[in-house]
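Asker: Below are the chains, spelled out letter by letter.
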Amino acid sequence: MKVAEFLEKRRPNWTELDNLCGQVQPGKKLPAATITRFAALYRAACADLALADAYQLPPITIRYLHRLVGRAHTCLYRSRIFRYSDWPRLLLHDVPKQVFGDRCVQAMFVLFWSIFISSAAIAANPKIWPGFAETVMGTAMMEQLDSSFSEPLGRRSFEANIMMAGFYIQHNAGIGLICFATSVLIIPGMLETIFQAAALGASFGYMSQPGQVGSANFYAFVTAHAPFELTAIVLSAGAGLRIGMGWICTHGLTRLGSLRKTGAETMPIMGSAVVMFILAAFIEGFVSPFALPFIVKGTIATLCSGMLLFYFVVLGFPRSGSRATG
Amino acid sequence: MADQHLQIDSTIEIVTPENIAFRYRVAGPFRRLVALGIDYMVRGTISTLLYIAIAFVASLLGRQLMVASLGVILVIEFVLGYFYGALFECFWNGRTPGKAAMGIRTLSLTGRPINGMQAVVRNLFRMADTLPLINLTQVYPTIEASGIPMAPLNLFAVGLVTMALDSRHRRIGDLVAGTIVVVDERSWLAGASRVEDPRTPHLAELIPADFLVTRSMAQALSMYVDRRKYFSDARRREVARHLAEPLLRVFGLPADTSWDLLLCALYYRTFIADRGDAAHRQARDESPFSFRGVQWQPSGAAIGMGPGSQVPGSPLTGSQGTGR
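Protein chains in written order, with our numbering: chain A, 23 to 348; chain B, 69 to 392.
Hints were generated in silico from the structure; no laboratory data involved. Check before you lean on any hint, since a few could be wrong.
Pairwise CB distance ranges (calculated) [claimed, not checked]:
1) B/P217 x A/F104: 37 to 47 Å
2) B/S115 x A/S230: 35 to 45 Å
3) A/T157 x B/L223: 18 to 28 Å
Here are some chain A residues the structure puts well away from chain B; computed CB gaps all over 10 Å [what the hints assert, rightly or not]:
4) L42
5) T58
6) S136
7) N147
8) Q166
9) S169
10) V235
11) N239
12) V244
13) G320
14) I322
15) S327
16) G328
17) M329
18) F334
19) R341
Just so you know, even glycine gets a beta-carbon here, dropped at the ideal spot from N, CA and C.
Looking at chain A on its own, in the form it has when it is part of the complex (with noise of 0.2 Å):
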């Protein structure tokens, strides 16, 4: 058989199978027999391309065949999206133990806390090193710092609330995601994560100066929310330093294959931290505003912090039986 005549004699179904292809759409059903006629088709596709060269077809028609064999294989092999069901064995079991035993995550908590508390000791004696907090937080932070704790908490209405606790979700968890994504390149990750150290350190010391208006006021907004949302910088600046460490220590895997690996790893943990700025957004949405007695702002600080520790070191702790990895 000649190539013309045996174009000619494909071409219908070449033609069917090109046309099923834009039928078969993703979360559409269709009848059993167009899905069976369309894995026949593809099917038949393939062969006709095996054979391609035996039948000696034109370069233009091969790179059609191509071209519909692979349209064909993207409709006709889906992965599953989500395992949603293995989710909460992810965050609940494996995370922790992974987190627990993590160095990257271990130096990031030393780095940020240490880099934390001295900003905030020196900013808050402003003899040591004067203007150091308008250096690091920038004017118009610290303007925003000043106007909004000189009236007590509580004059926010409901509304508004609603409104706050939708920006600190973006903001909070942005600056999360921010720290952990251009971690993978080392450098601007460890920068972002300093830097944000630093900034907060220093709004502390700020509002703790001596003759600070909004001290009091200040202490109670933060109080309530601070230990998840702090936790949760400390988890993604880690989890970053992890994925930047994937470059450096492969153990024994490529530099790719090692970032690869990495990279899937500390995706969980990045889920958990962007679960706890969402808790923490609730709370300063619709606990930290209210003008509640510090005692109670307090309590929900220790039992934050309480779930926290019972979250990394109870959960996370490695048990016989399941090896943590280091």
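Given the coordinates of chain A, work out where chain B should sit on it, guided by the hints.
Answerer: Chain B only, in chain A's frame:
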């Protein structure tokens, strides 16, 4: 011949579960940049529409509800901002609106569709690809003086350099997620090229019956015939010469036979004509050197279009422009 290392090879081969290997073309950085631009526009449009809807709600139901729904919008903006690409690629089989418009699709390295984790990872790590940030107001103080508000610009340099270094044009996000972006367009099937010159079948019969066209020669022939319609006559001669000259010697045809016509005839014989046709055989048996009353002149330039030799009037003489 160009240095092998200087050439770009943007095809990848994928083996299907049916054990068939097929090829994809990998999408280059600039096609993908356009897709990203379209996606940014879609995202911006969605945000704008949301804010317009909010203003509408405010005018109907009062300011309080507007403030509250602003919170919802901010959450939607957060999801759009960080997970727009991930959500589309998850639920739309590796495509975003921009990718669909540019005819590209994300696949995992093995050629299978991507899963949710890969979609989230590759879109999250785009933030690293868009680095470094440049603050134009600091580079050009005149902008600051003019008072035009200017957000820091993403240069995309990290992504571009990574893609240029990788043979499969993967950016950082693709490297971490183990994905590639391929061209996945619909293409149209072209049949065998028609050879319209009426002399072609005649010349085809003069080709010895036992001559076997190899696979690579068949490919070269079909590529030549598919493209020759875009060539000028001089260019056809130039291209066809490399194959036709030695073939003429092998076939024992006169050296001034039109090179272009010979390749067309060989193409016709290989791809279109049926060798088993009884009439052909009969014609050949009757008179190997004549058909339809035209005597072939072995010595002369009857089938002539070699450079400089043109004999008008002979049915096999190619003149400028009749070979199409």
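Asker: Grab the minimum beta-carbon distance between A/T58 and chain B and tell me whether it stays above 10 Å.
Answerer: With a cut-off of 10 Å, A/T58 remains clear of chain B, as the shortest Cβ separation is near 16 Å.
Asker: Quick one: work out the minimum CB distance from A/M329 to chain B and report holds if it exceeds 10 Å, violated otherwise.
Answerer: It holds; A/M329 is separated from chain B by about 23 Å at its closest Cβ, greater than 10 Å.
Asker: Checking a non-interface call: every C-beta of chain B should be farther than 10 Å from the C-beta of A/V235. Is that right?
Answerer: 27 Å, holds
Asker: For A/G320, which was marked as not at the interface, is the minimum beta-carbon distance to chain B over 10 Å?
Answerer: 27 Å, holds
Asker: Compute the least Cβ-Cβ separation between A/G328 and chain B, then decide whether it is above 10 Å.
Answerer: 28 Å, holds
Asker: Against chain B, does A/I322 keep a CB gap of more than 10 Å to every residue?
Answerer: Since the minimum Cβ distance to chain B is about 21 Å, A/I322 lies beyond 10 Å and the statement holds.
Asker: Does A/N239 sit more than 10 Å from chain B, CB to CB?
Answerer: 22 Å, holds
Asker: Is the Cβ of A/S169 more than 10 Å away from each Cβ in chain B?
Answerer: 19 Å, holds
Asker: Can we trust that A/S136 is non-interface, i.e. its beta-carbon lies farther than 10 Å from all of chain B?
Answerer: Given a closest Cβ separation of 26 Å, the condition holds.
Asker: Report holds if the minimum CB distance from A/F334 to chain B is greater than 10 Å, and violated otherwise.
Answerer: 23 Å, holds
Asker: Classify the label on A/V244 as holds or violated, using whether its beta-carbon is more than 10 Å from each beta-carbon of chain B.
Answerer: It holds; A/V244 is separated from chain B by about 20 Å at its closest Cβ, greater than 10 Å.
Asker: Verify the CB-CB distance for B/S115 and A/S230 against the hinted window 35 to 45 Å.
Answerer: 39 Å, holds
Checked against the numbered hints given earlier, this structure breaks none of them.
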